[in-house]
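Visitor: If you want the building blocks of each chain, they are given just below.
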Amino acid sequence: MDLIKLTEELGSYKSDLHGKDFLLTWEKSEDDLKAILHVATILKEMRQQNISPRIFDSGLAISNFRDKSTRTRFSFASAANLLGLAVQELDEEKSQISHGETVRETANMISFLSDFIGIRDDMFLGEGNKYMRQVGQALDEGYASGVLPVRPGIVNLQCDMDHPTQSMADLLHLVNEFGSLEALKGKKIVMSWAYSPSYGKPLSVPQGIIALMTRFGMNVELAYPEGYDLIPEIVNVAKSNATQSGGSFKVSHSMTEAMRDADIVYPKSWAPFHIMQQRTQLLMNGDKNGLKELEQVCLANNAKYKDWEYNEQVRKLTKNADALYMHCLPADISGESCVEGEVSKETFERYRIKTYIEAGYKPYIIAAMMLTNRFSNPAEILKKIIETNARRVL
Amino acid sequence: MDLIKLTEELGSYKSDLHGKDFLLTWEKSEDDLKAILHVATILKEMRQQNISPRIFDSGLAISNFRDKSTRTRFSFASAANLLGLAVQELDEEKSQISHGETVRETANMISFLSDFIGIRDDMFLGEGNKYMRQVGQALDEGYASGVLPVRPGIVNLQCDMDHPTQSMADLLHLVNEFGSLEALKGKKIVMSWAYSPSYGKPLSVPQGIIALMTRFGMNVELAYPEGYDLIPEIVNVAKSNATQSGGSFKVSHSMTEAMRDADIVYPKSWAPFHIMQQRTQLLMNGDKNGLKELEQVCLANNAKYKDWEYNEQVRKLTKNADALYMHCLPADISGESCVEGEVSKETFERYRIKTYIEAGYKPYIIAAMMLTNRFSNPAEILKKIIETNARRVL
Amino acid sequence: MDLIKLTEELGSYKSDLHGKDFLLTWEKSEDDLKAILHVATILKEMRQQNISPRIFDSGLAISNFRDKSTRTRFSFASAANLLGLAVQELDEEKSQISHGETVRETANMISFLSDFIGIRDDMFLGEGNKYMRQVGQALDEGYASGVLPVRPGIVNLQCDMDHPTQSMADLLHLVNEFGSLEALKGKKIVMSWAYSPSYGKPLSVPQGIIALMTRFGMNVELAYPEGYDLIPEIVNVAKSNATQSGGSFKVSHSMTEAMRDADIVYPKSWAPFHIMQQRTQLLMNGDKNGLKELEQVCLANNAKYKDWEYNEQVRKLTKNADALYMHCLPADISGESCVEGEVSKETFERYRIKTYIEAGYKPYIIAAMMLTNRFSNPAEILKKIIETNARRVL
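These protein sequence lines map, in sequence, to chains R, B and X.
The numbering used here puts the first residue of the first sequence at 1, with every later residue one more than the last.
The numbering used here puts the first residue of the second sequence at 1, with every later residue one more than the last.
The numbering used here puts the first residue of the third sequence at 1, with every later residue one more than the last.
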């Protein structure tokens, strides 16, 4: 790929990412999203060409994980590192939701020499995204008051509403698989619920997918057993996006019907919105018995839909019997990681490498979010780096 | 600020920091302390001017925290990072006090490619500062024997006696608030006990403050309810410092009386010295029941002094009803983080941003301690870096 | 030392380390091992001459410790850091042995921007080295499929069979103590069991020592109380190595007899192979009672051999009463870290600094393994770095 050409193309977007936290994809314009995809593409190509994308000679990227994570933790660390930042972890009590002023104070205390804060807070409905905005307000005030030398940018590493680094990585994967963003117009993508022997998987992945994929003229279908609803407001965002982009958005309740002629499938489990609401209440009250009971009810309910498994039979209903299978990983693989799961062993194996490639875009997406947050003219900065042509490895 | 001028001024101090650990401020000369403040000022200004202060192309800074910490951990990591070092954490069993030879061995095992070790050990009276010196001796021997290529410098990140990074950051804050070190002469600063619903807060902050602020001709008053004594030897250090610097040092037992006409106030809780002695014994014996009983006794005792709260009424007794309020954070804020605490909600809010600015000097103080420990001619090194003018961020 | 000369000498070895994981020393040729020692020597000398060995402008080195470790963790971090890599820790559930596909997936998920993975997995007999190869296969596939931009190299930081970074550091220490690798020919080195009040120490250190030291024409004697056998296959590897190198290998059952005229002694405790097999079973079954019983049996058995202590009497049997005492540390020191142990207080003290110097080679050995894994022509790369002559510290 011609890096200089790619950089020049970047200049054509009218994006408004500078100085703004990336919290929800639906708060960003189409050009914002395209700019992120474009910068990620440039950074990935620079890796291939052994060009060092180092922008910072020093500085910290804070990782604030309020939930377990390996993959996103690594993606965040990889992204920070390629730009020249060191990662410092903020280790908090995970069971407390902080009081307002503690968030405000801590946000400043960790930011004196920090450039970015990556936050993952997805366990409590109504709390995660809210916490990110609280941190943002604290940083705004700190910067305006002269407490902080820069206003660190916040990257949403998954909240209760959206998972932008995941959905944007997924989108970049689709762009590469189908050739371009334009080539995705009219393609049918099915975000489908799938059976899982565990419960409580976050809503932010399916919500992130329907909210993002409806931005680009795709025909998006959301399929789930009756009762497994997502957050209604976000479903409405998807509907409205689809209308605006000339695509379509449909909700249905049969996996097999939905999968018919699909170009892209994303079968993944989640807990119903109303269940996650109950779970949040119980977690906040520390009600261990209540949680155990809820788990039993959910697992029993899930068990009614064990046929919602993506397998060879279902695959054969898709376009050319070869719809691109997607998953944020790890998947519940029937006969491998569990007895009955989201996807059968043979079908997963057929697309396994593709799912790894899908995952591989995430560090570059995160780095793109950081870079565009920091520089008002990312094209100029990238051009400078490419021309300097420092080696990443000797 | 003119960085080259600042660097030249630095050369005028007759400091003796090179190759010496920074363990207690009262072991350092006045020029030593001025040099640290000066280097911290230069490093902070370099940040403003986007000049990279990188001195190390590689190397480790070890963080050895024997007690919980978020803020100081971040300050240490920020300081190491701006100079070009990677932080590596030494994760030890926190409940054991190591045998002599294990300390000696471990100190060497972690130092083969390390440049600094930051140690926080403040829980056991008589042990923390002692441990730091043990480590220092082990490093001296390792370096002298050819085991280590350099003798890593030790930075005291809080011990049982002093908290130099805190008190030095506080002093630099005062220098900036009042205009110069000379302008502090004759100012009244009150280090006062304040009520807290928790017990066992370390003595090292009030001890560090009285020992340092008496060095510069200030009128330092230490106020606490009878019985809440600090370590007598350190109180004597403060007395003697005050005499030498032409200031004064006074102990009193009424918060309101002490606060009268104060220019600077530092209301903060601590546990009495004799209580901390008992607590150390019980902790070392693993006597959980004894600890619980001691806690009850202390909380009951504290509760007699709930009126030792810094609030609007007390503020109005200070100079121009606007003494600079200081706190190492987090403060116990009445009606916010607790029902009754060290400071009222309104009064804390009035000075909240100031306390954040106060905290913001710490990374630069730590970096200054590192730099002056490493280089016999810090002015020369800083001049070189400023002239090279490498960008911190593109 | 003349670095350019050392680099030219390096070019004379016919090593085949490029693109190959370093898992067992006995899978490497003599020239491979010599190249590693040589590169480590160059890197250590570069440190002395303040030359920065930075090869990477960014990149991650993953540390995957499935067992507690301080020293090796620090050595790995130091090695990664001197080459320019940031360390990212993979925090896994330590009690589970992962399913095949989870290893395969995780290996890729952490490797998108990683250059090396250091793995320590020594608790389960038959599992550790196997896991490392599984990871290797997953990385091979990831790289071949275009998932990963490079195939990260794996460094064995101790497995159930070998501890190559330890034995190679030990060998480099011997080369420095005796003057050259050739000078080691004909020297008598005794790898002896020694009493310890704890049980379950890994077999990989004695196994690593006998398998490596027999490569260079030394007379290697393995001494232990009857029943304290190592893994038979590895004992056979040692026998066969000794034959090939013109040295010798002998097994005996008396510490004092073995130590007679020894040039080098390595008294260290281990649990018998068949005990470690039982322990692995019990650990895998989570059988806490079974483990407690096994521990009792083992401690009782160990107690029969308290006289297997290296002390002044035994030292006096060695060559010139001054055999070089070696230990991977920490040692069980009678009268210091325990009542009765592997070595007496006085004897350990006599050689304590030597054991620290021995340990100090490990970071350079690890860095050498990384560098030779990455570059097909390490001599050329090192020459370039030496000529560029960038300062490690200003």
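Accuracy of the hints is not assured; some may be wrong.
[Stated by the list, open to error] Straight line, CA to CA, 25 Å or less: simulated DMTMM-like cross-link-like pairs of lysine to aspartate or glutamate: (1) 68(B) x 67(R); (2) 68(X) x 387(R); (3) 384(R) x 27(B); (4) 14(R) x 387(R).
[As the list claims (entries may be wrong)] Output of the computed footprint for chain R on chain X, the stretches with three or more beta carbons under 8 Å from beta carbons of chain R: (5) 105-118; (6) 378-386.
I should point out that these hints are in silico values taken from the structure, not numbers from a laboratory.
Ideal Cβ positions, reconstructed from N, Cα and C, are used throughout, including at glycine.
Visitor: Does each hint hold? Answer for all of them.
Guide: Status of the hints after comparison with the structure:
1. 68(B) x 67(R): Measuring from Cα to Cα gives roughly 20 Å; hence the hint holds.
2. 68(X) x 387(R): This hinted pair is violated, its Cα atoms lying about 45 Å apart.
3. 384(R) x 27(B): 49 Å, violated
4. 14(R) x 387(R): Measuring from Cα to Cα gives roughly 24 Å; hence the hint holds.
5. 105-118: holds (count 9)
6. 378-386: It holds: at least three residues are needed, and the region 378-386 of chain X offers 3 whose Cβ sits within less than 8 Å of chain R.
The earlier numbered hints that this structure contradicts are 2, 3.
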